[in-house]
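So the sequence lines, in the order shown, correspond to chains A and B.
Here the working numbering runs 70 ahead of the position in the first sequence, where the first position is 1.
Here the working numbering runs 12 ahead of the position in the second sequence, where the first position is 1.
These are calculated hints, taken from the structure and not from any lab test.
Note that the coordinates shown come from a computational prediction; the quantities given were computed from them, not determined experimentally.
Glycine included, every Cβ here is placed at the ideal spot set by N, Cα and C.
Hints should not be assumed to be uniformly reliable.
To be verified - In the BS3-like style, the derived pairs of lysine-lysine whose C-alpha atoms are separated by at most 27 Å in a straight line are:
{"hint": "1", "chain 1": "B", "residue 1": "Lys-93", "chain 2": "A", "residue 2": "Lys-216"}
{"hint": "2", "chain 1": "B", "residue 1": "Lys-84", "chain 2": "A", "residue 2": "Lys-75"}
{"hint": "3", "chain 1": "B", "residue 1": "Lys-66", "chain 2": "B", "residue 2": "Lys-84"}
To be verified - In silico negatives: residues of chain A with every beta carbon more than 12 Å from chain B:
{"hint": "4", "residue": "Lys-116"}
{"hint": "5", "residue": "Ser-125"}
{"hint": "6", "residue": "Ile-139"}
{"hint": "7", "residue": "Asp-141"}
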Amino acid sequence: MPEVKLEPDKWVDRYSDYLYNFTISRINDGVLAQDLVSETFLAGLKSAANFQGKSTERTWLISILKRKIIDQYRKSNSRKGKAEVRMSYLNSDQDGDWLEEQARDLRNPTVEDEIEQTELGNALNACIAKLPERYATIFVQKTIDKLDTEFICKEHDITPSNLWVIIHRARVQLMDCLKTEWFEED
Amino acid sequence: MGRIFITCEDANILSTRNQYDDLDSKERFRYKLHHGHCPQCRSIDKRNALFTSKLNFLGWKRLSDAQKKSIKASVRAALKK
Numbered sequence: 071m072p073e074v075k076l077e078p079d080k081w082v083d084r085y086s087d088y089l090y091n092f093t094i095s096r097i098n099d100g101v102l103a104q105d106l107v108s109e110t111f112l113a114g115l116k117s118a119a120n121f122q123g124k125s126t127e128r129t130w131l132i133s134i135l136k137r138k139i140i141d142q143y144r145k146s147n148s149r150k151g152k153a154e155v156r157m158s159y160l161n162s163d164q165d166g167d168w169l170e171e172q173a174r175d176l177r178n179p180t181v182e183d184e185i186e187q188t189e190l191g192n193a194l195n196a197c198i199a200k201l202p203e204r205y206a207t208i209f210v211q212k213t214i215d216k217l218d219t220e221f222i223c224k225e226h227d228i229t230p231s232n233l234w235v236i237i238h239r240a241r242v243q244l245m246d247c248l249k250t251e252w253f254e255e256d
Numbered sequence: 013m014g015r016i017f018i019t020c021e022d023a024n025i026l027s028t029r030n031q032y033d034d035l036d037s038k039e040r041f042r043y044k045l046h047h048g049h050c051p052q053c054r055s056i057d058k059r060n061a062l063f064t065s066k067l068n069f070l071g072w073k074r075l076s077d078a079q080k081k082s083i084k085a086s087v088r089a090a091l092k093k
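Here chain B stands alone, though its shape is the one from the complex:
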C-alpha cells in the first residue's frame, strides 16, 4: 500500500485496523485522504466505529491468566488419563 491514493477496499481494511489503533502515520494520512473524497467509505467507517463502541459497551470479561492456567492443568491431567 505504497500509494497516496488508495482503493475503497484498502480504505475499509484501514478503517478496521484503525479501530484497533494499528495505523502508522502514513497509513492514517492515506485513510483520511480517501475519506475526504469518498462518502461511501466515510459511512462504512462510521458504522465500523459504532460497532467498536457497542463492543466496548459490552465490557467483555476475560479469564485471568491464573484461571486459564488452572483450567489448562485440569485439561492436561484429564488428557493424561
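The shape of chain A in the complex, shown without the other chains:
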C-alpha cells in the first residue's frame, strides 16, 4: 500500500459528513457532534507529525474521533452520576415514581425505529470503514453528501463511467458486508 499523505485543507469536504454521522449515531446531539468533528480535525492537525501514512486519512481521523467520543461518554457519565445522586437525595420518598416516569415505552414503534436506525447506522459506518479509501470517499460524497457527479469527477479526476463503476462496486461490497444481519432478502 503506498504511503498516504495528509491533505488537511480537504478534510472538511471529504470527511466531515461521514464523521458527523458516525458521531451523531453515538451521542445523539447535533451541536456536540459538530464540536467533536471540529475537535477531531484540530487534534489531527496537532498530531499530523505522528501520522506514519500506513493507514488511510479517514481511518486515522476515525480513530481520533473514537477517542473523543469515549472521552465525551466519560464526561457525561460522571455528570449524569452526580445529577442522579442529587435527584435521589431530593426525592428520596418518590424513587419508584421517578423511575417509572423516566422509563421509555419500548413498544412504541418510533423508539424501535430509532434503535434500528442507530444500529444500522453503526453497522454501515463499520462497513464503510472497510472499503478502500477512494471507494468510501466517492460513495459518501455521492450517497450521503449528494454531490453532483460532475463535481466528484472533477475532484477525483475520473470520468462519470469510472465514478459509477466505483459506486457500484462500493455498494456491492457494502451489501455483502451488511448481509449477515441487516440485509436478508425476503
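Let chain A serve as the given structure and place chain B on it in line with the hints.
For chain B alone, coordinates are given in the frame of chain A:
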C-alpha cells in the same frame, strides 16, 4: 453503451445509476429490456433497491454549509499557526 441489448455487467451499473435517478430514457429502456430476460440481474436490481431503501431509512444527517464553513475556518486558522 450504444447497443439495445446490454451485458449483465452494464445492466448492473445501470441498476446502480437508477438508484440515483441518473438514467436517461434510452438507458432506462435498455435496462428494463435486459431485466425482461435476465432473472439474475432482476434479483441484483431488487437487492440494490432494498439497499437504497435501507439507506433512506437511515436518514443520514449532514452538516449544513454554515457548520462546514465554521469548521473550515477553525481548521484554516490552526493551519496558519
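Legend entry - Proposed proximity, Lys-75 of chain A with Lys-84 of chain B (alpha carbon, max 27 Å): holds, 19 Å
Legend entry - 12 Å cut-off, C-beta based - Asp-141 of chain A kept clear of every residue in chain B: holds, 19 Å
Inset, instruction - Could you check that no beta carbon of chain B comes within 12 Å of the beta carbon of Ser-125 of chain A? - result: The claim stands: Ser-125 of chain A keeps its Cβ more than 12 Å from every Cβ of chain B (closest is about 20 Å).
Legend entry - Verdict on Ile-139 of chain A as a residue remote from chain B, using beta-carbon distances over 12 Å: holds, 16 Å
Inset, instruction - Sort out whether Lys-84 of chain B lies within 27 Å of Lys-66 of chain B, counting only the CA atoms. - result: violated, 31 Å
Legend entry - Hint consistency between Lys-93 of chain B and Lys-216 of chain A [alpha-carbon to alpha-carbon, up to 27 Å]: Cα-Cα ~33 Å, so violated.
Inset, instruction - Grab the minimum beta-carbon distance between Lys-116 of chain A and chain B and tell me whether it stays above 12 Å. - result: violated, 8 Å
Comparing the model with each earlier hint shows violations of hints 1, 3 and 4; every other hint is respected.
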